[in-house]
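Asker: Residues per chain, in single letters:
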Amino acid sequence: MNRPSLRLRSKPPKARTPRGEDFTTANLAGALSMQQCAACERYNYPPREVCESCLNDVLIWRPADSRGRLLQAVDLHHSLWEFFKRRLKHKPWSIASVRLDAGPIVFAHLALELFDLAGASDIPSGRTVAVFSHSDCGNQSVLIAVPDSIDVADPKIRLQIANSLGITSAAQREATI
Amino acid sequence: MTQNPPARSTPASYRGVALCAPVSLGYAKQSPRGAAWFVGSALRAMLLSTGLEKSEIDGFSVSSFSLGADSTIALTQHFGLSPRWLEEAPFGGASGVIALRKAARAVQMGDADIVACIGGDAAAHRSFESSAAEFSNFTIDASFPYGAGGPNAAFSIITQDYMQRYGVTREDLGRLSVAQRYNANHFPLALLGHKTLSMQQYLNARPIAGPLHLFDCVMPCAGAEAFLVMSEERARYLKIPYCLILAADELHNSHREDDVQYRGGWTEFVPGMYEQAGLGPEDIDIVQTYDDYPAISLLQIEDMGFCAKGEGATFVRNTDLTFNGSGDQANKLPHNTSGGQLSVGQAGAAAGLLGIVESIRQLTDAALGQQVPNARTAMASGFGMINYDRGLCSAAVLLGRAQ
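Protein chains in written order, with the working numbering: chain L, 88 to 264; chain R, 21 to 423.
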């Protein structure tokens, strides 16, 4: 169960549904993998049991195009989760919603510093971005949005961006009395 | 000879159905009581106000997010009820309209004579975090892990998109919050009713997510909202004050192709409601929108025809939304007359009944201190269930004073 935690080292939410666990597994290798319907070829996300379009139940995890169009990017100043609360003490946490060229709408952590803008809301909606997956320190795959000029096919670059966001290390409890 | 397929049907008339016994109670920011206390206490309050016996309640509909292992049927044993009609409608902001429509049909068709529609939710210490974390499968896998902002995150995206699309400012959204707080200052149950809210306070509030600041967000709380549904004939015989359903409809997961939600299912069915009622938006005396965030109220005001799409901000600039018409604007439309969730608090799925319950009070001259004079009609809309990136439910009911 997803629960708040006050432990010394807090991590991002780990709980996933069984199909969400499949997403993590399928994304361990490669930049981005999503469920593709064996019948109508539609890419589906969030992970599901049957295709949204034709209800076929054969959904195959396949590499998906990383490119997409930014819908909106926002800075979060508040979180319900200890890991993000600790990260938020220093600067807002940026997230984005993206319409992938492959079809689905995704939420993703936003690598704001790569956009060279002061705040997430300064990024114009409609801008082309790339979305890739990476493991966080809770051992789940999560999505990250970056400018489309970034070479997300390179795993070293993906790791470097994930590290710079702070999702690959636990958030330490700050010293109190 | 080829036959044409049957035409898409429209809802039959709700003629002869009465709504009565409005109850709101138990509002608290935090409470050690379980959901059954809120539902059961609302039921008791309705029996006390109408003089009905518990055994006369033969239809039972419950909306709640915090029943835990229980469902409506478990509550029948808890309360010693023997209903012949059961319903569970835990659909967030649309719970009230969905429960009302089903209950009205049950009464019209003879499946039940008196249906209690009750929304009740508990608020244990830190319970909101876990309900936000586990709201749905899509939430668990694809939205909560991204910042764990709960509904604020999805709504900050919807609000920012709406503001950019139509050139809406924070001050425009603030007009709703400020007018509603004024209404709440006259409604004794509102959790924030003892505090005033100025535009300056609204604008200076601390940031929460994207364009959303503190007074754009509802406060999760415990509470109950409830009403009875019975035939008009029975309400008259029992001498219980009541109002009538002039039209009601719902549509869910509509406009699926929109990248970011900027309209709801109301655009598809509200014109039919006006047609059935023989009324237009200009004939509506009170509007109760589902105000989980101010921009969402603007969507409803637009989609229900009170102004054109995209002109919600202009509309609230030029319209006095207070219950008593005390604002400066010449155009008056009392809106969220009890203060709405933004000032009363959001009691889980019970919040989905708030607008209906307040409308019944207004149309039976039973408002708790903020009576709109001479109101004959009220529109109450419901919206809800942020399963992933948008609210899935849209619903609305048009109510009229009993003749």
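Any given hint could turn out to be false.
[Said to hold, decoys possible] When the alpha-carbon atoms are kept at most 27 Å apart in a straight line, the in silico DSS-like pairs for lysine-lysine are as follows:
1) L:Lys-176 - R:Lys-49
2) R:Lys-74 - R:Lys-215
3) L:Lys-172 - R:Lys-49
Honestly, the hints are just simulated from the structure, not real lab data.
Asker: Next, verify each hint and record whether it holds.
Answerer: Hint-by-hint comparison with the structure:
1. Restraint check: the Cα-Cα separation between Lys-176 of chain L and Lys-49 of chain R comes to about 25 Å, which is no more than 27 Å; the hinted pair holds.
2. Taken as a hint, the Lys-74 of chain R and Lys-215 of chain R pair is broken in the structure, with Cα atoms around 38 Å apart against an allowance of 27 Å.
3. At roughly 22 Å between alpha-carbon atoms, Lys-172 of chain L and Lys-49 of chain R fall within 27 Å of each other, so this suggested pair holds.
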